[in-house]
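Undergrad: Given these sequences and hints, build the entire structure.
Each residue of the sequence shown is one higher than the last, beginning at 365 in this note's numbering.
Hints in this document: simulated from the structure, not taken from any laboratory.
Be aware that a few hints might be false.
What the hints assert, rightly or not - Think about it this way: if two alpha-carbon atoms lie no more than 30 Å apart in a straight line, the pair counts; the simulated DSSO-like pairs of lysine-lysine are: (1) K821 - K794; (2) K408 - K794; (3) K597 - K617; (4) K722 - K709; (5) K692 - K408; (6) K795 - K821; (7) K597 - K561; (8) K817 - K716; (9) K408 - K374; (10) K597 - K636; (11) K817 - K794; (12) K739 - K716; (13) K741 - K794; (14) K692 - K709; (15) K817 - K722; (16) K739 - K721; (17) K817 - K739; (18) K716 - K597; (19) K716 - K696; (20) K696 - K636; (21) K741 - K617; (22) K445 - K473; (23) K374 - K445.
Claimed, not checked - Listed next, with one range per pair, are the computed distances between beta-carbon atoms: (24) S517 - L820: 16 to 26 Å; (25) V449 - E634: 56 to 66 Å; (26) L457 - E409: 22 to 32 Å; (27) Y598 - E799: 52 to 62 Å.
Given the structure is predicted, the values throughout are model-derived calculations rather than measurements.
Each residue gets a CB set at the ideal place from its N, CA and C atoms; glycine is no exception.
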Amino acid sequence: MKKDNLGNFKQDRIHFIGVGGCSMSGLAQILDNLGYTVSGSDMKESSFTGVLRERGMNVHIGHDAALVDGAGLVVYTAAIKPTNVEFARAVELGIPMIERSELLGLISKDYSDVICISGCHGKTTITSMLALIAHDSHIDPTVHVGGMVDFLSGGVRLGASDVFITEACEYVRSFLTLDPKYILVNNIDDDHLDYYKDIEDIYSAFRAFVDMLPEDGILFACADDPQTLDLAKYSKAPLVTYGIHAEADYMAKNITYNEMGYVSFDMVHEGKTLAHFDLNVPGEHNAINALGAAVVAKLALGIDPSESAMDLETYHLAGRRFEFVGEKAGVKFFHDYAHHPSEIKACLAAAKRYPHKKLFALFQCNSFTRARTLKDKYALAFDDADFVMIPDLYPGRDIDTGDIHATDLVNVIEAHSHNAHYLPSFADIKKFIWENAEDGDLVVTLGSGDVNKQQLKLLED
365 MKKDNLGNFK
375 QDRIHFIGVG
385 GCSMSGLAQI
395 LDNLGYTVSG
405 SDMKESSFTG
415 VLRERGMNVH
425 IGHDAALVDG
435 AGLVVYTAAI
445 KPTNVEFARA
455 VELGIPMIER
465 SELLGLISKD
475 YSDVICISGC
485 HGKTTITSML
495 ALIAHDSHID
505 PTVHVGGMVD
515 FLSGGVRLGA
525 SDVFITEACE
535 YVRSFLTLDP
545 KYILVNNIDD
555 DHLDYYKDIE
565 DIYSAFRAFV
575 DMLPEDGILF
585 ACADDPQTLD
595 LAKYSKAPLV
605 TYGIHAEADY
615 MAKNITYNEM
625 GYVSFDMVHE
635 GKTLAHFDLN
645 VPGEHNAINA
655 LGAAVVAKLA
665 LGIDPSESAM
675 DLETYHLAGR
685 RFEFVGEKAG
695 VKFFHDYAHH
705 PSEIKACLAA
715 AKRYPHKKLF
725 ALFQCNSFTR
735 ARTLKDKYAL
745 AFDDADFVMI
755 PDLYPGRDID
765 TGDIHATDLV
775 NVIEAHSHNA
785 HYLPSFADIK
795 KFIWENAEDG
805 DLVVTLGSGD
815 VNKQQLKLLE
825 D
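TA: In C-alpha cells:
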C-alpha cells in the first residue's frame with residue numbers, strides 16, 4: 365500500500381467476522397504485513413485459520429459478541445447476516461464496519477496498475493498463473509487470489525511495486541469496489557442465481573464493471589464467449605481478445621495432450637507464433653486460461669510470452685482444482701472445486717484424458733438455488749463420466765424451500781443416458797465405489813461444499 369487508506373486505524377485492532385475463508389484470511393494477512401493488529405472469528409477451523417494463528421493473530425472459533433469489544437474497525441463477509449452476534453454488537457457500539465469487498469477496493473486504490481481477473485469460471489486459475497509469471501519476472505506484485513496457491517503458501521502476497529493483481533468476484537457485484545486499470549473477463553454464465561435475477565442481471569454487473577476502466581487501460585476478453593466480446597461497447601478502454609476462436613487477437617493453436625492429459629499449445633498473434641506452452645495441468649480450458657494470463661502479462665506488464673511459457677511450465681493448479689487427493693487399491697482420487705455445469709463439463713473432459721479405466725464422478729451440489737435453476741444443464745455436464753454419484757444437497761448460503769432434491773438431479777442425468785445413482789450419505793458412496801471400482805479407475809469429486817473433506821473418508825479402511 366502506498367497511501368495506506370486505512371491509516372486512521374493503525375493504532376486500533378481490526379476484527380474480521382468470518383476470517384476462515386481464503387479471501388478474508390488473505391486480506392487479514394495483508395493488513396498484518398502492513399503492521400495492523402488483526403483478530404478474527406469463524407464458525408469452524410480451516411487451513412487458513414491455522415495460517416493466521418501461525419502468524420500470531422488471535423483467531424476464535426465460534427462467534428461471540430465480546431470479540432468485537434475494543435475493535436476500531438470490523439470487516440465482514442457478504443455471508444454474515446445482521447443477526448450475527450458480533451455484527452449486532454459492532455452496530456450497537458457504533459464501530460465502523462466495512463464488507464470484505466470494500467476493504468479489497470480500498471487496498472486496490474493504493475496501486476496505480478490494478479489488474480482485475482474476472483469471469484464466472486477460471487478466474488482463480490488465471491489470477492494465480494499471472495501472479496506466478498509476474499513474480500518470476502521480478503515485478504514484485506501484490507497479489508490477492510481466491511484459492512490456496514502453492515508458490516504463495518496461501519492466497520496473498522504483499523509486494524513493493526505499484527502492481528496489484530487480484531481476483532475480481534462478481535458475486536453481490538463485489539468487483540465494483542475495485543479501481544481497475546486492466547480487466548480480464550474470461551466468461552459470463554448463469555451463476556450466483558441466489559443473488560442475481562437472471563443472466564441479464566449478471567451481464568449488467570459486468571457492464572458496470574468494464575465501464576470503470578480508464579481510457580489508458582485495456583479490456584481483455586475471451587473471444588470464445590460472445591457475451592464477453594459484447595462488453596467492449598461499454599468500455600472506454602481498447603479491447604484485446606484471446607481464445608481458440610479464429611478471430612481472437614491472440615490464439616491458442618495446435619493444442620495437444622501428453623500421455624497424462626496435460627495440455628500444450630502455441631500462442632499465435634497475427635499469424636506469428638510467439639511462444640510454445642507445455643503445461644503441467646490438464647484440459648483445453650486451462651490452455652485458454654494460460655493464454656489469457658500470458659496476454660495480460662505481455663500487454664500490461666511487458667513480459668515476453670516466451671518468459672511466460674517458461675514460468676508456467678512449473679505452474680500447479682490452485683488448491684481444489686483437479687487436485688490429487690490419494691490412491692487406494694490402484695484407484696486414484698482427485699478433487700475439483702467445479703460446481704457449475706460448465707465447470708463440471710470442462711473438468712471431466714480434462715479427466716477423461718488422464719490415464720484410467722472407468723471414471724467415477726461424485727458431485728455434491730451446495731446450492732438449492734443452483735440445483736433448481738440449472739438442473740437441465742447438469743443433465744448435460746457428465747457426458748465423460750462412466751458413473752455419476754449424487755449425495756444429498758449440501759446446505760450452502762441459500763435456504764431449502766423443499767422444492768428441489770438430489771434425486772431430481774439424478775433423474776435428469778439418468779434421462780440423458782447416464783449411469784447416475786442417488787447415494788444419500790458418504791457411507792453409501794464409499795460402499796458403492798468399493799463394490800464397483802477396480803485397479804486403474806479414477807474417482808473425481810466435484811463441488812464447493814465439504815466434499816473435499818468427506819472424500820478423505822473414502823480412502824480410509
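Undergrad: All hints, please: hold or fail.
TA: Do the hints match the structure? See the list:
Among the hinted pairs, K821 with K794 is consistent with the structure: their alpha-carbon atoms are about 8 Å apart, no more than 30 Å. Annotation: proposed proximity of K408 to K794 holds, straight-line Cα distance about 25 Å (limit 30 Å). With a C-alpha separation of about 27 Å, the suggested pair K597 and K617 falls inside the 30 Å cut-off, and the hint holds. Taking the CA atoms of K722 and K709, the gap is about 17 Å. The hint holds against a cut of 30 Å.
For the hint linking K692 to K408, the alpha-carbon distance of about 29 Å falls within 30 Å, and the restraint holds. A hinted pair counts as satisfied when its Cα atoms are at most 30 Å apart, and K795 with K821 qualifies at roughly 11 Å. In summary, the hint linking K597 to K561 is supported, as the alpha carbons are separated by about 23 Å, within the 30 Å threshold. The hinted pair formed by K817 and K716 meets the criterion: a straight-line CA distance of about 23 Å does not exceed 30 Å.
The hinted pair formed by K408 and K374 meets the criterion: a straight-line CA distance of about 28 Å does not exceed 30 Å. A threshold of 30 Å between alpha carbons decides the hint, and for K597 with K636 the separation of about 28 Å falls inside it, so the pair holds. With a CA separation close to 14 Å, the supplied pair K817 and K794 stays within the 30 Å bound. Proximity of K739 to K716 is assessed by CA-CA distance (about 23 Å); at most 30 Å being required, the pair is judged to hold.
Note on K741 and K794: the hinted pairing holds, with a Cα-Cα distance of about 27 Å set against a maximum of 30 Å. The hinted pair formed by K692 and K709 meets the criterion: a straight-line CA distance of about 25 Å does not exceed 30 Å. Taken as a hint, the K817 and K722 pair is honoured in the structure, with Cα atoms around 23 Å apart against an allowance of 30 Å. This hinted pair checks out: K739 and K721 have alpha carbons roughly 28 Å apart, not beyond 30 Å.
Proposed proximity of K817 and K739 is supported: the alpha carbons are some 25 Å apart, at most 30 Å. Restraint check for K716 and K597: not satisfied, since their Cα atoms lie roughly 38 Å apart, outside the 30 Å limit. At most 30 Å may separate the alpha-carbon atoms for a hinted pair to count; K716 and K696 meet this at roughly 13 Å. Simply put, K696 and K636 have alpha-carbon atoms about 40 Å apart, too far for the 30 Å limit, and the pair is violated.
With a C-alpha separation of about 29 Å, the suggested pair K741 and K617 falls inside the 30 Å cut-off, and the hint holds. At roughly 27 Å between alpha-carbon atoms, K445 and K473 fall within 30 Å of each other, so this suggested pair holds. Straight-line distance between C-alpha atoms of K374 and K445 comes to about 27 Å, which keeps the hinted pair within the 30 Å bound. The hint said 16 to 26 Å for the Cβ distance between S517 and L820, and at roughly 22 Å that hint holds.
Between V449 and E634 the beta carbons are some 60 Å apart, a value that agrees with the proposed interval 56 to 66 Å. At about 27 Å, the beta-carbon gap between L457 and E409 stays in the expected band of 22 to 32 Å. For Y598 and E799, the Cβ-Cβ distance of about 54 Å falls inside the hinted range of 52 to 62 Å, so the restraint holds.
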